[in-house]
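A.B. asks: Residue strings, one per chain:
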Amino acid sequence: MSNGFLTISYLIGSSSFIIGLRMLSHPETARKGNLYAAIGMTLAIFATIFLYKDASGVGLNNYLWIFGGLLVGTVVGTIAAKRVQMTAMPQMVSLFNGMGGACAGIISVVEFNHMMHQGLVLGDHVGQSIIILLGLVIGVISFAGSMVAFGKLNGNINDRTIPMGQIINVALLIAIVVIVYMMIWGGAGESLFYILLAVSAIYGVLFVMPIGGADMPVVISLLNSFTGVAAALGGFLYDNNVMLTGGILVGSAGTVLTVLMCKAMNRSLLNVVIGSFGGAKEGSAAGPGGGSYKEIALTDAAVLMLYSKKVIIVPGYGLAVAQAQHICHELEKVLDENGVDVKYAIHPVAGRMPGHMNVLLAEADVSYDRLADMEDINPEFAHTDVVLVLGANDVVNPAAKTDPASPIYGMPILDVEDAKHVIVNKRSMKPGYAGIENDLFYRPKTSMLFGDAKDALTKLVAEIKSMA
Amino acid sequence: MSNGFLTISYLIGSSSFIIGLRMLSHPETARKGNLYAAIGMTLAIFATIFLYKDASGVGLNNYLWIFGGLLVGTVVGTIAAKRVQMTAMPQMVSLFNGMGGACAGIISVVEFNHMMHQGLVLGDHVGQSIIILLGLVIGVISFAGSMVAFGKLNGNINDRTIPMGQIINVALLIAIVVIVYMMIWGGAGESLFYILLAVSAIYGVLFVMPIGGADMPVVISLLNSFTGVAAALGGFLYDNNVMLTGGILVGSAGTVLTVLMCKAMNRSLLNVVIGSFGGAKEGSAAGPGGGSYKEIALTDAAVLMLYSKKVIIVPGYGLAVAQAQHICHELEKVLDENGVDVKYAIHPVAGRMPGHMNVLLAEADVSYDRLADMEDINPEFAHTDVVLVLGANDVVNPAAKTDPASPIYGMPILDVEDAKHVIVNKRSMKPGYAGIENDLFYRPKTSMLFGDAKDALTKLVAEIKSMA
Amino acid sequence: MEQILVYITENVNFVFLLILMIILGFEVISKVPAVLHTPLMSGANAIHGVVIIGAIIVMGQAAPDDYLAIGLGFVAVILGTLNVVGGFVVTDRMLEMFKKKKK
Amino acid sequence: MEQILVYITENVNFVFLLILMIILGFEVISKVPAVLHTPLMSGANAIHGVVIIGAIIVMGQAAPDDYLAIGLGFVAVILGTLNVVGGFVVTDRMLEMFKKKKK
Amino acid sequence: MILGVLKENHFQRVAIVPSTFKKLKALQVDLQVESGAGDASSYPDNQYTEVGATIATRDKVLTTSDIVVSLAPLNDTDLGKMKSGALYISMLAPFQDETVVPGLAKYPIHAVSMDMIPRTTLAQSMDVLSSMASLSGYKAVLRAADLYQNMFPMMTTAAGTIPPTKVLILGAGVAGLQAIATAKRLGAVVEAFDTRAAAREEVKSLGASFVEVPGAVDDKGAGGYAVEQSAEYLTKQRALVQEKAIKSNIIIAAAQVRGRKAPILITEETINQMRPGSVIVDLAASTGGNCAYTENNACITQNGVTILGNSDLADQVSSIASTLFGNNVVNFLQMFVKEGQINYDMGNEIMKSALISKPA
Amino acid sequence: MILGVLKENHFQRVAIVPSTFKKLKALQVDLQVESGAGDASSYPDNQYTEVGATIATRDKVLTTSDIVVSLAPLNDTDLGKMKSGALYISMLAPFQDETVVPGLAKYPIHAVSMDMIPRTTLAQSMDVLSSMASLSGYKAVLRAADLYQNMFPMMTTAAGTIPPTKVLILGAGVAGLQAIATAKRLGAVVEAFDTRAAAREEVKSLGASFVEVPGAVDDKGAGGYAVEQSAEYLTKQRALVQEKAIKSNIIIAAAQVRGRKAPILITEETINQMRPGSVIVDLAASTGGNCAYTENNACITQNGVTILGNSDLADQVSSIASTLFGNNVVNFLQMFVKEGQINYDMGNEIMKSALISKPA
Ligand SMILES: NC(=O)c1ccc[n+]([C@@H]2O[C@H](COP(=O)([O-])OP(=O)(O)OC[C@H]3O[C@@H](n4cnc5c(N)ncnc54)[C@H](OP(=O)(O)O)[C@@H]3O)[C@@H](O)[C@H]2O)c1
Ligand SMILES: NC(=O)c1ccc[n+]([C@@H]2O[C@H](COP(=O)([O-])OP(=O)(O)OC[C@H]3O[C@@H](n4cnc5c(N)ncnc54)[C@H](OP(=O)(O)O)[C@@H]3O)[C@@H](O)[C@H]2O)c1
Ligand SMILES: NC(=O)c1ccc[n+]([C@@H]2O[C@H](COP(=O)([O-])OP(=O)(O)OC[C@H]3O[C@@H](n4cnc5c(N)ncnc54)[C@H](O)[C@@H]3O)[C@@H](O)[C@H]2O)c1
Ligand SMILES: NC(=O)c1ccc[n+]([C@@H]2O[C@H](COP(=O)([O-])OP(=O)(O)OC[C@H]3O[C@@H](n4cnc5c(N)ncnc54)[C@H](O)[C@@H]3O)[C@@H](O)[C@H]2O)c1
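Residue numbers (the numbering used here), protein chains in the order written: chain X, 287 to 754; chain S, 287 to 754; chain Y, -6 to 96; chain V, -6 to 96; chain L, 141 to 500; chain Z, 141 to 500.
Simulated from the structure, these hints should not be mistaken for laboratory data. Be aware that a few hints might be false.
[Unchecked claim] Okay, derived cross-link-like pairs now, BS3-like style, lysine-lysine, Cα gap no bigger than 25 angstroms in a straight line:
no.	chain 1	residue 1	chain 2	residue 2
1	X	K751	S	K751
2	Z	K162	L	K162
3	S	K745	X	K619
4	Z	K162	L	K387
5	S	K619	X	K751
6	X	K687	Z	K478
7	L	K344	S	K716
8	X	K745	X	K549
9	S	K716	X	K751
Take these sequences, add in the hints, and give me the full structure.
C.D. replies: So this is what it looks like as structure tokens:
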């Protein structure tokens, strides 16, 4: 009876995970998806507590401890999650992931002890043994790796390359396999258990240690899918479908996600698995003043603009060179249709002839009403969410205001920096007509979207349309 | 041992169904998806024949019969499927669906007899009984309904409304439920079995009978998902995972598909289930000469154009009214990018002033090279796949060539009818400037794509982009 | 009600499979262009021909002297095969128009 | 090899479940905008917190005098809860930017 | 059969251009051209001889041609010299001048007035009113742009932003529509006004805005024909047009009513309120003009507003205008000439309307 | 401080327009205008008085103003009347005429020649060469379109298809680029040619095609500067330009080399091969012209080809040209005038280049 309800609860739980993850893949539904998954999880947990019966029909004990643990975890978890800075989110995820891994590891420890107490020989229970040991290994690797990732992101641990790191890693992996084999088939028994634990922990640490901060999210995602597998192993162990399905789901989705993240960063997963990344940080390079610029992914630019209230486009000579006026107009239209207020800020000397931008935009049938002169638009930047600079350079160069030594010092410019975000599209870091470096590109609010304006806009529009 | 392989075969089979169906949803991959599913199916069938063992480990007998049946079915099925006219495909699908339903029904009959032979009482085996009876009911409804659908599409059976059809249908449904209840819990036993079969068959016939030919595909899709459920019940019966998963997959996907088809026709599924549609045929209406025009769905127009070698666009006044020149240019570009040869055929009097179309298309930056004069383009229509007539009417009116009584008789027109397909976009069936009916719209090669040109093109372009 | 719960408890995995399969069915056919409605229907039609496996089992388990079962089973196998083979072949023919690769 | 086949035979439905779930995992995350990578990871992270159910079972089945099991189980429950609760809350916070509805 | 083309006295155009001769040959019609006929429109004699036409004196052309084509009406001397039974094709405007038809009756010739061809879809390829009006509309904007001391398009430059020019088009017939298109091309902000019900959609189909007077009686039920509007509405309408006129920099006036005097749409008062430097091109000048101050074939300045009155601006794009006129004539002949014979088919709507005089 | 504006003798423009006065007031500069100065560009005296300027006689303006602005150079009589130490702003072209600077040295005044302001990004708001060239480019196309007897855009009509006009732009400087934009707007098919390396991209950035001569030495390594091309290449280039010229209907010639005679790009031979009715507008006329037959400030016809030689077409859009010139001047003053005082800051690149004469 009660198990029927438990099963139904688990079913609901599993379904909620699937649906939740599905919804998390779309900006519009993501938040609800998270909520659904959380509700399903709560249901599964409480159903377990109250309805779970083992094979002989006996329910659970130690309610006090269970609720105590739940309470402590909930309070601490909520506070930690609420308090954390927006910028510190990734390390928080890493930390929580580690907790999950540790939890899986502990379960393996308890179950292993249980087997030993019952005097069972591992070799007689190959399936169960493999599951327990694998659960330990994966859980511990995930825990140890996550802690290191947390430390690195938090700045407590520095990147360091370990001499011969790859060889050591491979050796550790082999050691793990050998120990497991010996424990089960070699009759080595109990004694090696804690060594296995230790070796796994060391592997987890060394695996993550050499990896650079920029690649950390990929690693966390990978460890995340590891923990998923560990949870699934728990499902096998207890013949528990919600653990199995939830764990496998995360294992598989997490792997896909890891691959996607790699792709977004232009790396291969192989790179990640053999632990050889780190080194030169891409996506961030040194500027003239020793500063560095950051790139923005197309999808991020798309979401940023789609969810803005107000976007100002700053066209420049590059837009004309790319002949991207038509697709630019399309961007304007699709944003406008999605309730974004879009304007063009026309600098008096943008382009290569007086009125160049007007000619260009008129050709694409951009309404005159959307074009704003510099004096009129400059005060508007302050309440603008995103400024999209399309192939303009000199006309947004802050040196004109700040650097008396600059040859353009004194020229009025478009104050794009007053906006919340500045996205600059151009093909490279080369200067414009005046031949001078532009500090704007290295400012914290600025992200670069490299590429020919026509190409970049075409992709951007496609991306926005796929979301809207 | 052998069962391990069987299970693996089933796993591969199930996965191939999922993946096959997935691939069938995209034009590019559809054919391969079908092939994959077929391979998986073959594997599952042969694995069953050679590896299946019942609970007591006994394999199958009667190989001769089995292979005989397979051979007959394969030969007949292949020939029938290869011979059928392209236009007769839907009834063929319906026929094959009926075969599947009948197969499921027969299995239920055999298994029921089996139970009776063993002297089992239905009430003692509720689960099994429900499954068998439900399998019978659904299988038979699907069979009977499919046969009627086949007959109607083939022209053997005419549409007819049955007086009080709905009430009778509801009564039959209630009767089915009552009979099943009585057989299992009422102790009515064996005697009612064939009555149940008969009632189900009658329901199947009456369910489909009143439905109009245009709605038949929806009905077939629904019956299709019924058969899926029947197959899944077989899976329950034999504890056979490939039947279960395959059947459920079709049951669920078929339901979604039915809903999608309804949506594409602007109807609700409820309409279908209570068997109340039929009546006025939408999507086909009487023309001046008693002829009828047909509409084309956006997606079909999109696929047709995307997979064409050559498309000619015929712009008219309607394009100007809709101010759809920019999106029209975009259509041209996206087709061009996908290797379609696109031209514009400009009729000398298209629009409302000399050169109207030129002004319009120049504004959207359509290259002069793509514009062709009437005399130059008329011979080209013969080797054109699709002509898209955008808000033009008089300039493509064949009456100018064929009807000496017409006020425009003698005016040269664009010979769009020489092309393989003609898609006409306008808002209604109203005439153009000259105020005369246009027979082109009722010709067999022509399909109408109703709507404001800007709206229609916007959707069309989105659709094509999503496919390309 | 109780019976159902018992059934569920006894066949947990089966029920899970069922639900997951339903979800998968929905997932898989999320966005299909209307031109593919008919081929997709036809492909799905071929897939439910998997019911033939039931027919084969029925057939294969029939006692050699149970002529009714053998006869019915034989018919069932033929019908099932028709469903499968005819279904896949018809689908393939429908999809011929998508043969040529573009881009 | 043989053991594996035996295992598969014994746990057909489990294996089916597993494979289907893997396919579903792939299906579900087919096209995600890069901005959602991190929230999605975080959400998935919270979901694998389902391992807490194992911890609860361990805890609940421990004999009242098996202090080691109780102690470890208690820690495991706390850690699992942290994973679940923290994971969902953090994800929710990340998703705050998508709050306002558009269109 | 010989077709003769005369040198125009008042026009720069020529009735048939060399390239059109090919189509005439197919009809078995030969071409004979008065010397120097095409000079003003850049078709020197040698271009005619190159395609096989003969150059002749005016007398020769008049006396020996079976068909004589001239844009402007011929004087009596010329008409008297024509062969008996010959066909005379011209733009005679019998609608505007009722002495034309009696005058022609004196001569034993057939006279076709191209401007009398009906405005139907079928006859559009012979419709000289359309082809000339279209060119006039184009040229009107170019003349206005040339007379105007500002730039048309909006330009944001380092020396300040140049606002776009506001152009108002009155009368959205063929000329008005082409004027809209041309002004839009040049980057102006264009508004147009017309009383025809269909004009609103036609104007919008060119991307310009239509001067909408709120409170119009809905004419949906009237099948596209204009319905009688209230007096109050007409007053509002007039006021609104004046208001728009005052605000605009350029006005192209092309409102005409066939066979009647052109409506006065811009009053003296309005002009006196317009900004100095504004330009009005009045294409309705020959029928009195849409503007109170308009003088036909003159360019005057009033209150700093330049007013150009000219109904025949097509003549200023003489080369293309000649080509189109010639094509119209040839398209007409193609319908009625078979193997060198003219078929005066009075059952045909087009011939019936266009043939305004026959030998008695 | 008082700024005086004179009535131009040779130009329709006026140096400062009424609307610009606002910005002058902010600099504590008053405006005094010779009576009738703005008449020709549609700025009648009353518009000046409305914004608070005073109308005065020429003598009064000359003798009492601290700054005198004039577009054309003043004659000696006028210069002699100016206040000692006053600032004289004009377009003096000392580059083209080396007698200018010595001539000015006789007077105890500061002389700023606006055309000497450097062509840098910073100084672009004072760059009269740019603002005037831009207007000239626009007007050149309008003049050509007006002189041309055909239509620019392609039109498919019932009376035949009108092919698009082919326009060739020689010299893609500021004027040439604006001409490209304007011709494209009107629907012409536009090609352009220039010897500057950057010009190719600039031309394409306006959607026109560039006359490409195959076999150019790659100048990628040269950082955007032109590299020396082979003699064979230059011959090919010349031949190609002639070929394009012969095929085109309209040529806008705007190739100039600062301080030198303009290059001859269209030879006699080419013109004699061009189609009658073609039009050439030569903006380089004042420095000799790009076309062999060009006569400065004249419109001639050669072999049926109309050749308009005029380097100052901006004067024909006098209203907007006056506005832009005035803005350039005010932008210049804004940089150097503080609280009614002029700061002749010779450390400033702009002042250093533009101030060509100082009181001894
Ligand atoms: N308006 C006038 O009358 C006039 C006349 C002459 C000179 N100027 C001068 O020109 C400058 C105008 O400023 P601006 O901001 O418009 O232009 P800019 O400063 O010259 O910068 C243009 C930028 O566009 C980028 N770009 C070029 N092609 C591109 C493409 N296909 N796709 C994307 N980006 C591309 C270039 O960077 P990458 O190479 O990295 O892509 C370049 O940095 C001023 O210095 C002005 O003084 C103006
Ligand atoms: N070229 C000239 O100089 C000139 C001048 C005057 C008259 N005409 C005459 O105009 C006609 C031109 O022929 P045509 O084929 O271009 O036009 P047409 O025969 O007038 O037909 C235009 C069609 O466009 C459709 N339409 C209107 N608005 C639409 C919208 N927003 N979206 C989609 N469709 C729309 C209308 O059908 P729905 O209402 O059903 O949508 C109409 O049937 C000829 O008869 C010609 O003689 C030409
Ligand atoms: N069938 C064809 O193919 C064809 C060809 C050419 C023209 N046409 C039609 O012929 C008609 C006449 O064209 P047209 O250019 O020779 O016209 P037009 O020169 O006679 O008149 C020009 C315009 O002035 C308008 N007008 C008259 N009084 C007005 C007033 N008081 N205020 C504002 N506007 C006023 C008219 O409505 C007309 O649109 C148009 O409807 C046109 O569509 C048809
Ligand atoms: N910094 C700025 O903001 C700014 C402002 C205005 C102009 N400029 C630059 O100043 C330069 C001069 O502009 P301009 O319009 O005054 O130039 P210009 O009038 O002196 O010359 C016009 C064009 O003729 C070209 N030319 C010269 N000889 C030629 C030949 N033999 N064949 C073909 N073309 C030939 C030149 O390359 C130039 O492009 C341009 O490079 C322009 O970009 C810069």
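A.B. asks: Next step is simple, just say for each hint if it's right about the structure.
C.D. replies: Evaluation of the provided hints:
Simply put, K751(X) and K751(S) have alpha-carbon atoms about 10 angstroms apart, close enough for the 25 angstroms limit, and the pair holds. Among the hinted pairs, K162(Z) with K162(L) is inconsistent with the structure: their alpha-carbon atoms are about 65 angstroms apart, more than 25 angstroms. Annotation: proposed proximity of K745(S) to K619(X) holds, straight-line Cα distance about 15 angstroms (limit 25 angstroms). Taking the CA atoms of K162(Z) and K387(L), the gap is near 23 angstroms; set against the 25 angstroms cutoff, the hint holds.
With a C-alpha separation of about 17 angstroms, the suggested pairing of K619(S) with K751(X) holds against the 25 angstroms cut-off. The straight-line distance between the Cα atoms of K687(X) and K478(Z) is roughly 19 angstroms, inside the 25 angstroms bound, and the hint therefore holds. Restraint check for K344(L) and K716(S): satisfied, since their Cα atoms lie roughly 20 angstroms apart, inside the 25 angstroms limit. Restraint check for K745(X) and K549(X): the C-alpha separation of about 16 angstroms stays at or below 25 angstroms, so the hint holds.
Under the criterion of a C-alpha separation no larger than 25 angstroms, the hint pairing K716(S) with K751(X) is inconsistent with the structure, at around 34 angstroms.
Consistency note: the structure conflicts with the earlier hints numbered 2, 9.
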